[in-house]
Amino acid sequence: MENQKHHLDEIFHQRLHNAEVPPPPFVWPAVEQALQPKRRRRPIAFWWLTAAGTVLLGAVALWALNQQEAAQLSAFTPPVAIGSTTEQTLDNPAAPLEQPTTANVQSESFQPKSATRPTTPRQHNPLNAGERPVTYSNTNNNPSNPSNPSAEPVAEATPVSTPATLNIANLPLLSGENSISAAQKADMPTLKPFKSGARRKKVQPRVCYDFNRHPSALLIDVYAGPSIAQRSLTSRQDDEPYLKQRLATESRDLAFNAGLRASLMFSRNFLLRTGLHYDQFTEVFEYIDPTSVTYTLKFTPGNPIPDTIGVQYGENYLKTYNRYGALDIPLMVGVEMRSGRSGFNINAGISANVLFWKRGAIIDPQTHEPARFGGKKETISEEVFRTRLSLSAGATVQWYWHVTPHTRLFVEPSFRQVLRPVTLQSHSVDQRYSILGLRLGYTMIF
Amino acid sequence: MKFAYLRGDPNPLKATRLRCTQLSYPLDEHELIRGCLRGSAQCQRDLYERFAGKMYAVCLRYARTREDAADILQEGFLKVFTKLDQFQFQGSFEGWIRRVMVNTALRAYQKQRYDYEQTGFERMPDMPVDPDAVSMLSEAELMNLVRQLPDGYRAVFNLVAIEGYSHAEAADMLGIQESTSRSQLTKARRYLEEEVSRIQKITT
Numbered sequence: 174m175e176n177q178k179h180h181l182d183e184i185f186h187q188r189l190h191n192a193e194v195p196p197p198p199f200v201w202p203a204v205e206q207a208l209q210p211k212r213r214r215r216p217i218a219f220w221w222l223t224a225a226g227t228v229l230l231g232a233v234a235l236w237a238l239n240q241q242e243a244a245q246l247s248a249f250t251p252p253v254a255i256g257s258t259t260e261q262t263l264d265n266p267a268a269p270l271e272q273p274t275t276a277n278v279q280s281e282s283f284q285p286k287s288a289t290r291p292t293t294p295r296q297h298n299p300l301n302a303g304e305r306p307v308t309y310s311n312t313n314n315n316p317s318n319p320s321n322p323s324a325e326p327v328a329e330a331t332p333v334s335t336p337a338t339l340n341i342a343n344l345p346l347l348s349g350e351n352s353i354s355a356a357q358k359a360d361m362p363t364l365k366p367f368k369s370g371a372r373r374k375k376v377q378p379r380v381c382y383d384f385n386r387h388p389s390a391l392l393i394d395v396y397a398g399p400s401i402a403q404r405s406l407t408s409r410q411d412d413e414p415y416l417k418q419r420l421a422t423e424s425r426d427l428a429f430n431a432g433l434r435a436s437l438m439f440s441r442n443f444l445l446r447t448g449l450h451y452d453q454f455t456e457v458f459e460y461i462d463p464t465s466v467t468y469t470l471k472f473t474p475g476n477p478i479p480d481t482i483g484v485q486y487g488e489n490y491l492k493t494y495n496r497y498g499a500l501d502i503p504l505m506v507g508v509e510m511r512s513g514r515s516g517f518n519i520n521a522g523i524s525a526n527v528l529f530w531k532r533g534a535i536i537d538p539q540t541h542e543p544a545r546f547g548g549k550k551e552t553i554s555e556e557v558f559r560t561r562l563s564l565s566a567g568a569t570v571q572w573y574w575h576v577t578p579h580t581r582l583f584v585e586p587s588f589r590q591v592l593r594p595v596t597l598q599s600h601s602v603d604q605r606y607s608i609l610g611l612r613l614g615y616t617m618i619f
Numbered sequence: 000m001k002f003a004y005l006r007g008d009p010n011p012l013k014a015t016r017l018r019c020t021q022l023s024y025p026l027d028e029h030e031l032i033r034g035c036l037r038g039s040a041q042c043q044r045d046l047y048e049r050f051a052g053k054m055y056a057v058c059l060r061y062a063r064t065r066e067d068a069a070d071i072l073q074e075g076f077l078k079v080f081t082k083l084d085q086f087q088f089q090g091s092f093e094g095w096i097r098r099v100m101v102n103t104a105l106r107a108y109q110k111q112r113y114d115y116e117q118t119g120f121e122r123m124p125d126m127p128v129d130p131d132a133v134s135m136l137s138e139a140e141l142m143n144l145v146r147q148l149p150d151g152y153r154a155v156f157n158l159v160a161i162e163g164y165s166h167a168e169a170a171d172m173l174g175i176q177e178s179t180s181r182s183q184l185t186k187a188r189r190y191l192e193e194e195v196s197r198i199q200k201i202t203t
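In order, the protein sequence lines correspond to chains A and B. Quick note: the first sequence uses this note's numbering, first residue 174, plus one each step. Quick note: the second sequence uses this note's numbering, first residue 0, plus one each step.
Quick caveat, the hints were computed from the structure, so don't treat them as lab data. Among the clues, some could well be false.
To be verified - Calculated cross-link-like contacts (lysine to aspartate or glutamate; reagent style DMTMM-like; alpha-carbon spacing at most 20 Å): (1) B:K53 with A:E183; (2) B:K186 with A:E183; (3) B:K82 with A:E205; (4) A:K549 with B:E66; (5) B:K53 with A:E456; (6) A:K549 with B:D70; (7) B:K78 with A:E205; (8) A:K549 with B:D67; (9) A:K550 with B:E66; (10) A:K550 with B:D67.
Claimed, not checked - Which residues of chain A face chain B? A few of them, derived with a C-beta cut under 10 Å, are: (11) H179; (12) F185; (13) H190; (14) A192; (15) E193; (16) P195; (17) V200; (18) A207.
Stated by the list, open to error - Here are the simulated distance ranges between beta carbons: (19) A:W220 with B:R33: 32 to 42 Å; (20) B:Q89 with A:L504: 50 to 60 Å; (21) A:Y486 with B:E138: 38 to 48 Å; (22) B:E177 with A:P474: 18 to 28 Å; (23) B:A40 with A:A568: 35 to 45 Å; (24) B:E168 with A:E551: 33 to 43 Å.
Here a beta-carbon is modelled for each residue, glycine too, at the ideal position from N, C-alpha and C.
Between the sequences and the hints, there should be enough to build the whole structure, so can you do that?
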């Protein structure tokens, strides 16, 4: 009778054998984590990759900057010579110039007439032919002399002073120029100030990318900078004490942002931008339990009665940093206004979150004690945060400065509002973020 | 709360199940097991979803506290997934998984020898317990009654009365004498009857 289905057994069996009780939400994440220990390492790998990527990009950017600066320096001398000759052709359309003309001029200059002509430039020619440029420049005392245009090519010719033949070849060229201008007559005084001014003006725009000539371009930006993550906590249900506890224990700390962005410039002034943007913000969690009691029980194996019972009274202090990281893909449109070397653009758009990770401690909504969320030591009794941030809306204003025609440095204040709260709807408190950031970056134009 | 539930699913596990159902789910139990054996995270999650409720109830019956029950559930499922290749695809999978859970629960309290436990319930209940009174109790109340039983009684009562193991099997699982198992069960019943009559008194 004892073991053959007592009525009590029957009832308990029927009612409890197939009973179902919803399991606590933290069990599955723990099982999953134990099953795939490698998954948890992803954030660390991600950090390393981000750091390595930033360093690499920075290095590439610096290298590109140096290369372009070097290229500009080396390219600086030839354009002067070319510029002077082309201007001459423009000013004196009658003169039969261009490449073969140098030979012609040379042949002309070798003629003895250069010495016999009474005009001022030609007076110096015999001196030039026999002496070094130093003496030539010394002789340019005459105020009416077109000293500037002639002095510069000579100064540039000095680096190639080793073969004597080259010097000789240069000097007749000068004399040739002079002979041509003399042939034209009267133009000389007007040529002089125009030439020097025009050349300087032409050098300056070379620092900027010519969007008039290329109305569409690809811009790659790399940026990073500090930010302020403004948090708002509001109670959705009547859970004021919990909200107060949250507000009292958490405070804002450092935040930063970084990103890589590709922009398409079209119709000269319009921008379409996308890329990867990372925001990380930190909060400090501080909790003091003034009446903390800790019991310590020590057992020896096999003995159900504890050997030692310890009781500790005191203040329990817990401080930890709550870290939230969000990786987003922004999609923005912008308008750019340019003025010489610098300019600004205004951008606005949305961004979609692809990764939201969080780790730290908050007051548990059920036990009202500190509990950890995220990471291995998760102790929180219910899921509090969303797995993704979903959409954010934002705007930025960028001020840039051209370093070279294809590179810019920029400062870009930005604002971003995460549209939904980062907490789940089941949670009694809505936690929202708006992020103010400052992006300092570097742009490459292709 | 209800409103929140209607608007969106706050429970990520449940949300996943919904996602699973969209992807040609529900899968046949054996398909699911094969998926788990292939290492599919989604199948593992779905398998957990399918059995977690029942198994948590089992764990609650065996464990002293809810925290212990959650630990047992976690450890049990970990065992289920790591030893899934030992399942022969014969007989009920639920039975297999339940056995894993029960073994895990028993092992958790193995350090305490059940037959050493002393309790002071040797007297008979004051009045005979009306079977209807027991059946009037809710599932949660019955569960609480079982959970209030001392460790030794609870294990035997769970194994023999609820799971349907024989005394020999239960004694073997607990590492105790068969006679001990019998006496523990009797004591457990007396304890429960007394508790039920106490509740009866309060309610009437």
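Verification of the supplied hints:
no.	hint	verdict
1	B:K53 with A:E183	holds, 19 Å
2	B:K186 with A:E183	holds, 16 Å
3	B:K82 with A:E205	holds, 15 Å
4	A:K549 with B:E66	holds, 17 Å
5	B:K53 with A:E456	violated, 40 Å
6	A:K549 with B:D70	holds, 15 Å
7	B:K78 with A:E205	holds, 12 Å
8	A:K549 with B:D67	holds, 18 Å
9	A:K550 with B:E66	holds, 15 Å
10	A:K550 with B:D67	holds, 17 Å
11	H179	holds, 6 Å
12	F185	holds, 6 Å
13	H190	holds, 6 Å
14	A192	holds, 4 Å
15	E193	holds, 4 Å
16	P195	holds, 6 Å
17	V200	holds, 5 Å
18	A207	holds, 5 Å
19	A:W220 with B:R33: 32 to 42 Å	holds, 37 Å
20	B:Q89 with A:L504: 50 to 60 Å	holds, 55 Å
21	A:Y486 with B:E138: 38 to 48 Å	holds, 41 Å
22	B:E177 with A:P474: 18 to 28 Å	holds, 26 Å
23	B:A40 with A:A568: 35 to 45 Å	holds, 39 Å
24	B:E168 with A:E551: 33 to 43 Å	holds, 37 Å
Of the numbered hints stated above, the single one contradicted by the structure is hint 5.
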